[in-house]
Amino acid sequence: MRFWYWFGMGDENNKGVIEGLSSSETEGDCEELSFTGMENDESRSSTFGYSLWRCGGANGLPDPESGFEESICKMKDVARRSQGGRDLELATGFSRYFYQYGSTSCWGEDAGQFLAEVEGWEGWAFDEEHFLASERGSWDFQHKRAKVLFDSQAPLYAATTSGTGASASPADGDLNVSQESSLPSGTVMVRYFSSMQNNDGGGNSMGPNGGGDGNGDGSSISKSEDLVAHMDLTDDLLHMVFSFLGHIDLCQAARVCRQWRAASAHEDFWRCLNFENRKISALQFADMCRRYPNATEVNILGAPAIDSLVMEAMRSLRNIETLILGKGELGDVFFHSLTGCRVLNRLSISDAFIGNGVQEISVFHDRLCHLQVIRCCLLRISVRCPQLVTFSLKRSNMAHAILNCPQLQELDIGSCHRLSDAGIRSAATSCPLLASLDISNCSSVSNETLREIALTCLNLRVLNASYCPNISLESVRLPMLTDLKLHSCDRVISASMASISHSYMLEKLELDCCGLLTSVSLDLPRLRNISLVHCREFVDLNLRSPLLSSITVSNCPALHLIDIASNSLEKLVLQKQESLTCVLLQCHRLQEVDLTECVSLTNTICEVFTDGGGCPMLRSLVLDNCESLTTVGFSSTSLVTLSLIGCWAMTSLELACPNLQQVYLDGCDHLGRASFCPVGLPSLNLGICPKLSILQIEAPRMLMLELKGCGVLSQASINCPRLMSLDASFCSQLKDDCLSATTASCPFIESLILMSCLSIGPDGLSSLRRLPYLTLLDLSYTSLLNLQPVFETCLQLKVLKLQACKYLTDSSLDALYKEGALPVLRELDLSYGTLCQSAIEELLACCTHLTHVSFNGCVNMHDLDWGSTGTRFSKLSTTGGSPRVYSLLVNHESIEQPNQLLQNLNCVGCPNIKKVVIPPMARCFHLSYLNLSLSANLKEVDLACSNLNFLNLSNCSSLEILKLDCPRLTNLLLQSCSIEEAAVDAAISHCKMLETLDVRYCPKICGAGMGRLRTVCPSLKRIFSSLSA
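Numbering (the working numbering), first residue to last: 1 to 1029.
Each statement offered as a hint is correct.
Under the rule of at most 25 Å between Cα atoms (straight-line distance), these lysine to any residue pairs were calculated in the SDA-like manner: (1) Lys327 / Arg346; (2) Lys914 / Glu980; (3) Lys992 / Gln903; (4) Lys508 / Ile493; (5) Lys327 / Ser316; (6) Lys801 / Leu901; (7) Lys327 / Ala305; (8) Lys394 / Arg375; (9) Lys798 / Val824; (10) Lys691 / Ser759; (11) Lys963 / Ser976; (12) Lys1004 / Gln975; (13) Lys327 / Thr339; (14) Lys485 / Lys508; (15) Lys485 / Gly414; (16) Lys914 / Gln837; (17) Lys508 / Asp483; (18) Lys963 / Arg1014.
By construction, these hints were calculated from the structure, which means they are not laboratory data.
None of these values were measured; they are calculated from a predicted model.
Put together the whole structure using the sequences plus the hints.
This is the structure in structure tokens:
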């Protein structure tokens, strides 16, 4: 490791220093001694470097015993003598551009003391290659510190001490070393040191250009400058970060260090003095006002003694623009002093007791624009503010209000119950520019007052007259009105619509809870939003508005007619309108309609949503639980989604919607006839329609059709050229001609399920030759006697299910294992069949290409013994075995048997099976899953299967012998077995990968044996046992 030392000197006569440094080499201290001169940009100032190479340490670090410190002292003495005893700055580093400054007067005479102070040399394991060259731009002008670049692969340390004029640190003068997280390779970081204090006397400190490349013009800026990062934040960066913090966070940040404290105290962050609901004393508040005299907003809502606090704020803060206070008492002095706040723009008082309850409160201010007196108790108020724009007295308890505000545009006197009709009239009419008026819940307001307001306030656009029981709008003309709220106005009736119709600029209308309103008939060119909720007597709605985009009608039990014409309405929701019988729509942009639980709708509703019915762009229609619909038919080129869930009375459905992609028919229990011609459905489930008897489908994009459970389906015309999956389970009346027609029109079927299709016979099975891609065929629970058509036509069949085919005989599968039929068959399910033991053995012996076989519930299966190959083949030959099998018997010693591809074998619930033996000679190298559960008479299991990983012997209550040579077995289930504990120990001892063992309800396995089981099989992770140790 190479260490560099620089000495900055204030004159250009350095000859003596050079000679002294060159002569200071001591024997054994270093392998290389060199001198390097580095010119500063400033005149009459130069820097010299001294290199020590591999300074005696075994690990590349300085060794105090090798004379390293002595060499440093010698260099310092020579340099000091050559400069007349002047203090010099000593910089140590690992490359010529590593700046580390310190004053010899601060460090003392021993330079090694400084090195020891930096956490000891033991913590500094650096190499020269970790540091990069620093050029002219590597100087932190904000904090007067040098920057050092180094490779981020090395550990990152930072040691800083605050100097005079530098930013404050957590503890001035202390040296702090911290280790940071490493960064991705290639990132350039900064390491810097600052001296304990600045030394203006003596030698010149090395400036930002010291140790540079000597150009002095800043032209050699490092290419990696953009990658340089500071180890601390400048004041500007702190200011930017702190601008996102609230006052509480700023106070916490101020406790970090002096720099942060100074930054957090900047007046930019304290323009708003927010002490809402905080217990602050008058002395503390006064101190804050003195600290931040330029604050523009004060919030003392909920603070104690708001009267004294607000007076202090008005005395100390001359730039207040916003003042928020309340939850206390305010005297007259406060309002008299408001004129002193010349720039006050907004005043908000809430939940306050104002005045003494006798005198009138006067608010005079020339520049006040926004005034709120909310939920306050006062006798009367007089406001004279020529610039006031908004004024709110909401929920304030007062009897009189006098306004002299010629520029007022928004007035809110809602819920001022003590304010008389004349007072409201006087307040509103005194503001000729009024554009918004809220008189909600003012029970005394009358139609006469509204007429006076309409004549005076010609620009009134927003009126909230909700909960005004005396208002009917009779003879009231408000032509410029755009927003009208009449919530719970009991006197608003159908005749009131005549007055509303004169508001031709009206955009929003609320008529909720108008109990006497029976009908609404409006033709307003700008109406966009109307709301009619809980109008109990409302019967008829007739709207004509080209801009109408939103309509809310809910809980109107008497409504029976809706007639809407709009060019902007896109969504209409009319749920639970129990009396609605007629819907007339002329809405050319309507896309979604929801008429859920409109139980009185009749079949005529279909005409509205058919092409030519007034909704040409309709995409979604919901008619759930419309119980009066019986015959439904739609012909629409735009309809995409149709929901008829719960329409239990519907008996006929006809859809001619070529773009229809989703249809929901759950709960259509009485649907008997259905036609989908044409539709764009990719899939269809009609198994939820048990009474469906006639079906016609023309769907060029349909891939899957489910008819499971359509037990009375007798006529089915299915024209789906891309259909891949057809499930016709339990369609007991589906005949051969229907199957033949379907296979002719749907040649791409890959999966065909005909479970319990009792009417399907050989003719129908012969038509399967038209399905060249058929891979799955389910004929379970059928009455078939002969499977020859399947063997001859389904050459690509991979899965064949024949569960509970009771009429199949032992010879029905001869072609499968004697003639090599279905060569690509992989899965065969013969569960609950009547095949005899010999047929099962012959099938397993010859069909070596099968991977999944199921014999669940086969009562004729007695043993599964593959232990004697010769004996098995002998039995097959005596019972009329095939010539191929006989040749295997004759030449079994010379011809090697093929490997079994069997992977999964299920023999669940075979009551007569007693013995299962699968030795290595059976060549079941691929068998991984064996399920023999519920075989009550099974006594012996002997398995030698190298790949078996799952074995289920649960509920085999007669099991006595268990031999396992299955090195890859991971799961063994012995639940409710009467096997001895010793037999289990012996069995699992050969299962080196066993992880899960289930011995619950095994009466002969005690809880104390669990530890022994883990000892016998160390790989066990889980043992399920119902017994405690």
